[in-house]
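For what it's worth, our numbering labels the leading residue of the sequence shown as 72, then goes sequentially.
Treat the hints as calculated values from the structure; they're not laboratory data. Take these hints with a grain of salt, some might be off.
Said to hold, decoys possible - Cross-link-like lysine-lysine pairs, in silico, DSS-like; alpha carbons within 30 Å at most:
id: 1; residue 1: Lys265; residue 2: Lys224
id: 2; residue 1: Lys265; residue 2: Lys76
id: 3; residue 1: Lys224; residue 2: Lys282
id: 4; residue 1: Lys282; residue 2: Lys265
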Amino acid sequence: MTSEKHMPTVLILGGTSDLGVCMAREFLRRGWRPVLAGRNEEMLRQAARDLETRCGITIPLIAYNAEDFAAHPELPEQCRAVIGRLPEGVVSCVGLLPDPDSVRCDSELARTCLNANLTGIITSLDPFVELFEQRRAGFLGVVTSVAGDRGRKSNYHYAAAKAGLDVYLQGLRHRLHGSGVTVTTVKPGYLQTKMISGMSLPRALITAPEKAAVQAVNAILNGRRVVYVPFWWRLIMLAVRIIPEPLFVRTNI
């Protein structure tokens, strides 16, 4: 195996999430060394131990909170401290899906939803954007959601944040075109993770995070712009988007 010092590295924000762990495994399988960033230290260590058992290399860890905006400009230096250089890429698996009934009447929870799903991700990526652009190499892979394709009564706070993140990534692609830096938007549907625990959903619409991770990593490493996971969510959301507003408001989607 290649020496860990010479392996390409990827910083995974939200590295203890179900999808984040699966993506770390997939990157590792492809010869990449993941750097896990998250706020729960015990979960970080547990995820690192699992990966280290699989590969026999050290998995660097970074303490990270999407809502700690003041600390985000230091993320590149934290990477240099644990791996000796900037990572070749950054992936965000950060996300929070609050209870829709609670978020409607709790302004603090609504703010947390927006911070975790939009603002905190933007302020975490921006420092790397500048440095990757100067280096003229690198990639950004960001997990958003199909929910951002159209606002629905069941989750409009969450959807609004994801839609905002989609637009931010569109702008980044425009800015970074021709710079050698790629920006990939990963839009999963329902994944079999803690996030949908307790929801009553059709089994046919639920995807294992392991399968989603393979598709996401493949898209990121190939520089895809936007990928729906699984692919058929693109067709589902196209159908949802083209429903005229006067008809849509009468639906129970």
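Results of checking the hints against the structure:
Between the alpha carbons of Lys265 and Lys224 the distance comes to roughly 22 Å, so the proposed pair stays at or under 30 Å and holds. Of the pairs offered as hints, the one joining Lys265 and Lys76 is violated, with about 34 Å between alpha carbons and a cut-off of 30 Å exceeded. Of the supplied pair hints, the one linking Lys224 and Lys282 holds, its CA atoms being roughly 29 Å apart against a limit of 30 Å. Proposed proximity of Lys282 and Lys265 is supported: the alpha carbons are some 16 Å apart, at most 30 Å.
Violated hint: 2 only; the structure is consistent with all others.
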